[in-house]
Structure formats: C-alpha cells, structure tokens
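Student: Sequence:
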Amino acid sequence: MKKITLLLSAVFFCMIIFACKKSANIIQSNENNASSSSKLSTMAAPAGSAVAKYGQLSVSGRYLKSQSNATISLRGLSEGWSGWWPQFWNANVVNWLTDDFKIDVVRASMSVDVTPGYLNDPTQLTLLKTVVNAAIAKGTYVIIDWHASPLLQTQAVAFFSSMAQQYVGNPNILYEIINEPDNTVTWPQVKSYAQAVIAAIRQYDPNNIIIVGSPSWDQDIRDVADSPITGYSNIMYSVHYYAASHGQWLRDDCTYAIGKNIPIFVTESSGTEASGSGSINYTEWEAWLSFLEINKISWVNWSVTDKSGELCSMLLPGASSTGGWTTSQLSGTGSFIRNKLRGYAAIVSGKTYRITPVNSGKSLDITGASTADGAIVQQWTYSGGSNQQFIITDVGGGYYRISPASASSKGFDVSGASTADGASIIQWVYGGGTNQQWQIVPNGSNYNIKSALSGKCLNVQGASTADGTPVIQYGCDLSATNEQFTLTQLN
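Reading the sequence shown from the start, the letters are residues -19 to -1, 1 to 472 in mature numbering (1 follows the signal peptide of the UniProt record, and there is no 0).
For the record, the hints were derived by calculation from the structure and aren't laboratory data.
Quantities reported herein were computed from a predicted structural model and do not represent experimental measurements.
All C-beta atoms, glycine included, are put in the ideal place defined by N, C-alpha and C.
One should not assume that every hint holds.
[Said to hold, decoys possible] Heads up, simulated DSS-like pairs for lysine-lysine below, C-alpha to C-alpha not over 30 Å straight-line:
#	residue 1	residue 2
1	Lys83	Lys288
2	Lys46	Lys172
3	Lys332	Lys277
4	Lys277	Lys34
5	Lys172	Lys241
6	Lys46	Lys241
7	Lys288	Lys46
8	Lys83	Lys34
9	Lys83	Lys46
10	Lys277	Lys172
11	Lys288	Lys34
12	Lys332	Lys172
13	Lys46	Lys34
14	Lys83	Lys332
15	Lys241	Lys277
16	Lys46	Lys332
[To be verified] Estimated spans, in silico, between C-beta atoms of each pair:
#	residue 1	residue 2	range
17	Lys332	Ala25	16 to 26 Å
18	Ser289	Gly377	36 to 46 Å
19	Gly259	Thr415	13 to 23 Å
20	Ser260	Gln170	41 to 51 Å
21	Ser316	Gly240	28 to 38 Å
22	Ser390	Thr462	26 to 36 Å
23	Gly228	Thr352	41 to 51 Å
24	Pro103	Met24	22 to 32 Å
25	Gln170	Ser49	35 to 45 Å
26	Asp354	Gly240	30 to 40 Å
27	Gly240	Ala326	22 to 32 Å
28	Tyr363	Ser396	17 to 27 Å
29	Lys241	Ala118	37 to 47 Å
Work out the full structure: start from the sequences and follow the hints.
Tutor: Structure (structure tokens):
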C-alpha cells in the first residue's frame, strides 16, 4: 500500500511538472507571437473619429485630458469575455459600435485564467489583437483589459511588456491591468502588483493611460484615495457599478475619492444587479449616468453579448456576430444604452440647434424676438427665426449654456435664481451662475434639460400645445413629454 502510494505520488508529481511546463510554454508562445510582430506604425486617425478629436490622452489631477488639454470623458461599450463570446470579437462589430452606437472607446476584455483563456489558449491573443487593430483603424480608443481577478503578476508583466512594445506610439491604447480583484485581497497587495505591471509598461510606453483596479470588485475606491500609486503619470483607477446593486453609497465613495483628486474611470457598468441579471433599476442607472457626466468621469457599459436570460447582455440571442443589428435585436439594456450614447454624441459644443418640445412639435422661442434681459422663453410654431435658434456651449462640469442666436450674449436663466417649481425661464446676459447652466440628458431619442441650480427640468407649462405657452422649471418626470425635447442641429 505504501509503495502504491509512493508510486501514485510520483506519477502525480510528474503530471504537475508536465502541466506547468505546458502552461509556461503556451504563455511563452503567446509572448513570442506578440513580440515577433513588428511594432505597429502609428496612423492618422480618420477625420471625425474620437482619436482625431482628442488625440493623445493624459491625466491632470482627477481629470482625463485631450491632447489640447481639454477636460474630456469617454463613453463606450465592453466586449464580453473573449473565451465565451469570440463571435463578436471582429472588426465589423467594432465598426458598427463606433458608427451606430457612437462609442468613443471599446473595452477588449480578454479572458485570462478561465477556459478558454489566454493562459491556456493562444487564440485569445489573436482575438484581442483583432479588436485592438480594428479600433486603431477606426480611430476609436481601446482598453486592453487583462480580464482576470487573481494577482497573476508574472504573467501580467510579460503580457503587458509585449503589448507596450507592440502598441507604443498609438494614442488609441489604454491598459487595464486587472479586472475586479475580489474581497480576499487588500489594496496594498493590489498596489504592489500594479506597481510591477506599471513599471513593465512604462519601460516601453511612457504615455498611454494605465487603469488600476481595487479590491471588492473595483469598489474599494476609498482605500485607493487614501494611498494612491505615486511616481508615475497617466494612472487612473477603475470603479465598477451595477445600478440595481450599487447605489448612493458607492457614489459617495467616488465623491470621497474625487475630493482627494483621484482620477476615476468606470470601465464596467450596467443597470442590472451585480450578477448581470435579477432586475434593471433605471432610476439608479439614470442617477449614475448623471453623476458621471457632471463629474466628467469616463464610462464603459457591459457587454456585447447575446446570453439568454442575462439582462446585462446588450443583444438578444441569435443577433448577428458582425453588427448591423436592428432595434428588435437589442435587449432592454442594449436599447437604453444605445440611446444614451447616441444622445450624448449628438450634442456638439458651439453648434446651433432648434429645440422642439415633444408634446407639441413647436419650437422654443424668445417672445417677440426680443433681445432684452427678462424676455421669456416660450413655445411657438417654428418659422426659422434666430429667436428660435439656440447655441449650445459646453461650460464644463457636464453643463451647458443655451444662448439665443438672436441675442448670443445672453443665456437661458431661471428667473430670480429660484429653486421653486413653476419659476419662469427667461433670457439674461450670461454671467455663469448655476441658474444659467443646464445639464442635457438623453431620454430615449429625446432629451431632458435640467437646471444646475435646482435639478428641475424645463417644462412646457400645463403640457399645453398652444403658441405662447411659457416654459418653466418643474420637478423632473422622465415620462412627461412636455419635459422632453428634440435637438436638431442647424449648422
């Protein structure tokens, strides 16, 4: 019996050695394949693309900055696990997400320590590079996501060293070096791991953004805020939320981090419970998106998959693997987030718009085409006059100034800086007060326009459809069509 036990132990030991050598050989083969490709040459981003607009990204304080030093936030979508949803990891999907969903960034969440995953299947690297190269060609930012929770430092250092060598000089690239460390590790452990991986990347790529996770599935942002990584530039920290599970308490933790100048990037989110299913909490989801927009925090929604019964999957089962999806092929999550992304992308600072109340089809209008302070904002049948055209200008912090083209020095103003329901909306010389700043929030294919001062919405009084009805502020009701507006760009 003892001999048999010893023999079995010897056999088991040999099997372990063989398995470890096999895994090591696969990893080494992956790295060799990556390194054997010559470094990709940088190419000019297509005109109008996100990379053409924003260029090389950087971090200043808590903000993400464009190459011209403007404060920006990126919005986008995440691929599902490459090992389980490989059919969507192709250039056609990246192109469709960019053109139809209007994303700025795609997250390439490469499976690592699952089966199939990068550590046991070299094709995962091929899928990753397909998405990354497609994003570069399209002018879309792309997050290279090491989609593993354990602190696999040796493997991650080797992987990101090769990625940094291959993609250095491409402004499209962001590196996410770990996905959702769980609650069995501490921030000092994650921080130590991150410092090693960051050093490996910075040996070859001195500039591109690196995103670091935190324990408890990317939610211990307070610990990060109390002891951030130092000695490196262009580092951001990931927060993940699922709105039906993570509410005000996590936003409060983010606010704590913001107060300590910590740059946050929400690399994964949805309106569902943390499981990806259960229920969708649209109220909390709206609250999260409003919070992110106001605080200029970039965000990515999970995920481009068609898993039956999973509410966070954006596609219904059987959807095409190459994009071109009709609205009937989108899940509730897919439809909601597509409308949000398209809505945000449609607002171009400095452009002139007609603003149309959905309930009446008329147009917002400065009464009597007046240029005087105090003239009221009303609705009137559209005739194309400059008093019915409005210049929308980004003033920072997720807010906009709305100025009549007929009196461009003025702006929409809550009369008397009131916070009460029913307060009139007038025009007044723009002074930058919060009663003259507005958040423009996509609501389906329409928009709500919310006062920065009161948080209330523009409202066509009494839901009237008559010419001359004044516009007031009122508590927001997202289903009320007299608080919904379409924006038509005129120039």
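Student: Quick one: are Ser390 and Thr462 within 26 to 36 Å, going by C-beta?
Tutor: holds (32 Å)
Student: Do the alpha carbons of Lys83 and Lys332 lie within 30 Å of each other, as the hint requires?
Tutor: holds (18 Å)
Student: Do the alpha carbons of Lys83 and Lys46 lie within 30 Å of each other, as the hint requires?
Tutor: Roughly 20 Å between the alpha carbons, so the hint for Lys83 and Lys46 holds.
Student: Using the Cβ atoms, figure out if Ser316 sits within 28 to 38 Å of Gly240.
Tutor: Given a distance of about 35 Å, which is inside 28 to 38 Å, the answer is holds.
Student: Lys83 and Lys34 were given as a pair; does the straight-line alpha-carbon distance stay at or below 30 Å?
Tutor: Distance ~14 Å between Lys83 and Lys34 Cα, so the pair holds.
Student: Given a hint of 37 to 47 Å, does the C-beta separation of Lys241 and Ala118 actually sit inside it?
Tutor: holds (38 Å)
Student: With a cut-off of 30 Å on the C-alpha distance, tell me whether Lys172 and Lys241 pass.
Tutor: holds (17 Å)
Student: Is Lys83 close enough to Lys288, meaning Cα to Cα at most 30 Å?
Tutor: Given pair Lys83, Lys288 holds - Cα atoms ~23 Å apart, limit 30 Å.
Student: What's the verdict on Lys332 and Lys172, does the C-alpha distance respect the 30 Å limit or exceed it?
Tutor: Violated. Lys332 to Lys172 sits at ~44 Å, over the 30 Å cutoff.
Student: Mind checking the alpha carbons of Lys241 and Lys277 for me, to see if they're no more than 30 Å apart?
Tutor: Holds, at about 15 Å.
Student: Within 36 to 46 Å or not, the Cβ separation of Ser289 and Gly377?
Tutor: holds (43 Å)
Student: Is the gap between the beta carbons of Gly240 and Ala326 within 22 to 32 Å?
Tutor: holds (30 Å)
Consistency with the previously given hints fails for numbers 7, 11, 12, 19, 20, ordered from lowest to highest.
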